[in-house]
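Residue numbers (numbering that gives the first Met the number 0), protein chains in the order written: chain A, 0 to 254; chain B, 0 to 254.
Watch out, some of these pointers could steer you wrong.
Copies of the same chain look alike in the list, so a pair counts if it fits in one copy or across any two.
In silico SDA-like pairs for lysine to any residue, Cα to Cα no more than 20 Å straight-line [said to hold, decoys possible]: (1) 42 - 200; (2) 25 - 180; (3) 154 - 118; (4) 216 - 10; (5) 204 - 95; (6) 82 - 120; (7) 216 - 236; (8) 154 - 231; (9) 150 - 17; (10) 204 - 190; (11) 82 - 67; (12) 204 - 186; (13) 157 - 185; (14) 204 - 111; (15) 157 - 231; (16) 154 - 222; (17) 157 - 187.
Keep in mind the hints are simulated off the structure, nothing from the lab.
Spelled out from the first residue to the last, the chains are:
2 protein chains.
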Amino acid sequence: MSNISIIGSGNVAWALAQRLHEKNCKIHQVCARDPELGQELSKAVDSEYVKETGLLDPEVGIIIIAVSDDAIREVAKDIPNTKALVIHCSGSTPLAALPQKNRAVIWPLRSIARGQEMTWSDMNLVLEADTDIASIKALDLAQTLGSKAVKMDSKERKTAHLVAVILNNFSNHLLHMSDVLCAEQGMDRRIFQDLMEHTLHYSGKAIDSQTGPAARKDKEVMQRQMNLLNDHPHFQEVYRVISNSIMTEDNDDEL
Amino acid sequence: MSNISIIGSGNVAWALAQRLHEKNCKIHQVCARDPELGQELSKAVDSEYVKETGLLDPEVGIIIIAVSDDAIREVAKDIPNTKALVIHCSGSTPLAALPQKNRAVIWPLRSIARGQEMTWSDMNLVLEADTDIASIKALDLAQTLGSKAVKMDSKERKTAHLVAVILNNFSNHLLHMSDVLCAEQGMDRRIFQDLMEHTLHYSGKAIDSQTGPAARKDKEVMQRQMNLLNDHPHFQEVYRVISNSIMTEDNDDEL
Numbered sequence: 000m001s002n003i004s005i006i007g008s009g010n011v012a013w014a015l016a017q018r019l020h021e022k023n024c025k026i027h028q029v030c031a032r033d034p035e036l037g038q039e040l041s042k043a044v045d046s047e048y049v050k051e052t053g054l055l056d057p058e059v060g061i062i063i064i065a066v067s068d069d070a071i072r073e074v075a076k077d078i079p080n081t082k083a084l085v086i087h088c089s090g091s092t093p094l095a096a097l098p099q100k101n102r103a104v105i106w107p108l109r110s111i112a113r114g115q116e117m118t119w120s121d122m123n124l125v126l127e128a129d130t131d132i133a134s135i136k137a138l139d140l141a142q143t144l145g146s147k148a149v150k151m152d153s154k155e156r157k158t159a160h161l162v163a164v165i166l167n168n169f170s171n172h173l174l175h176m177s178d179v180l181c182a183e184q185g186m187d188r189r190i191f192q193d194l195m196e197h198t199l200h201y202s203g204k205a206i207d208s209q210t211g212p213a214a215r216k217d218k219e220v221m222q223r224q225m226n227l228l229n230d231h232p233h234f235q236e237v238y239r240v241i242s243n244s245i246m247t248e249d250n251d252d253e254l
Numbered sequence: 000m001s002n003i004s005i006i007g008s009g010n011v012a013w014a015l016a017q018r019l020h021e022k023n024c025k026i027h028q029v030c031a032r033d034p035e036l037g038q039e040l041s042k043a044v045d046s047e048y049v050k051e052t053g054l055l056d057p058e059v060g061i062i063i064i065a066v067s068d069d070a071i072r073e074v075a076k077d078i079p080n081t082k083a084l085v086i087h088c089s090g091s092t093p094l095a096a097l098p099q100k101n102r103a104v105i106w107p108l109r110s111i112a113r114g115q116e117m118t119w120s121d122m123n124l125v126l127e128a129d130t131d132i133a134s135i136k137a138l139d140l141a142q143t144l145g146s147k148a149v150k151m152d153s154k155e156r157k158t159a160h161l162v163a164v165i166l167n168n169f170s171n172h173l174l175h176m177s178d179v180l181c182a183e184q185g186m187d188r189r190i191f192q193d194l195m196e197h198t199l200h201y202s203g204k205a206i207d208s209q210t211g212p213a214a215r216k217d218k219e220v221m222q223r224q225m226n227l228l229n230d231h232p233h234f235q236e237v238y239r240v241i242s243n244s245i246m247t248e249d250n251d252d253e254l
């Protein structure tokens, strides 16, 4: 594996740098605006710290940009002229956000949050590249990380990002709503763990296992449950709109 | 365990009758409007079939009403005068829907759909009763089924039912939305399985692991993803309202 430099000191930067270090890849430089976090990470993976993107050594095999989505374009512009493969890790950012010719996306299909144990072998990495060389190098990196690679083009990745937002961020919000309601009632949310796992593991088409008040168009129960949410008008809106969407998949009934 | 009669021939009636039969409980009668399904079930569990509720033998220990929620009241009224413990299995129906004095609710905290393999030991059964005798008998039944019993009063059960709708029915609708989007793009939804499992298994407060465009108030990405849903206006509404709800948990930003 080529020498690798990493830009960023957030969760994704830490996860990638540590994993690559464990896998005996040489992390050449860590570049981060925050000197404290940047130095901490560079020390942890036995590499050099630089503060400015312009100070990155261009003579390296791969440069990974692991910064927040809205900073990717600016950071990429500031990288010195290089033959390195430049990679960003964002689901929502186009490949073309990178001005380099030798470019790729490696997007971990998982929400990487602090304190979570990383299990790389189960993780899918979505790969996008517009040249064969970049594609092969990105695939090589995914293999080094020990994750499954899923190649996509830009159009597919857009859909995949939308699906990831729905399945990860939106599901998590439903968990949060449940946290709030259980806490108000002094109930332990864990009693619903089995129900959640069952929802998830049913392997057929989701619509075939849809049950509940909306699926059977039971407006009385729906209204009663909406009333329980009177203190949380935005949760009430979520209830109303998802119920409508479930009913709409059958016909145009409105709640 | 007392002799048990079961009213109904749907998924829950089948699941309960078969489980109790396996556990060497005597299923005395199966009562169902549909003679074909009713006879099939009564044969499977080695019991007598009756068509009308009024024909049920009152000299039995337990009568389980496993019919659709909106039929419970009517069915319960038609049961001949009995000392049996009368049980319904609905999350959304009050205990008081049963006119009998000896009454209880045993509500399986799982969506029991056709073709799913039943794992009783992981399942929580929510129990509600308003006398000690009914409570003890219901607990005994839960133990015979081999499931975990969770006692609740009516108020707690209302919240639990709302949470179950949110976690099971609404999560399932998010899975369905993903099914539709993946199918349109010719993508395999299973590549998101790891992401879903990760969302679910994170053990802390859900709000602490909330990520994504809404959590970081990235309106550009949210608008782009809404545009991808132009062909599905009700999915677009779900996207808008959940994103707003995620943002509202921080402040009153509106999409």
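Enumerated hints in conflict with the structure, sorted upward: 1, 2, 3, 5, 6, 9 and 11
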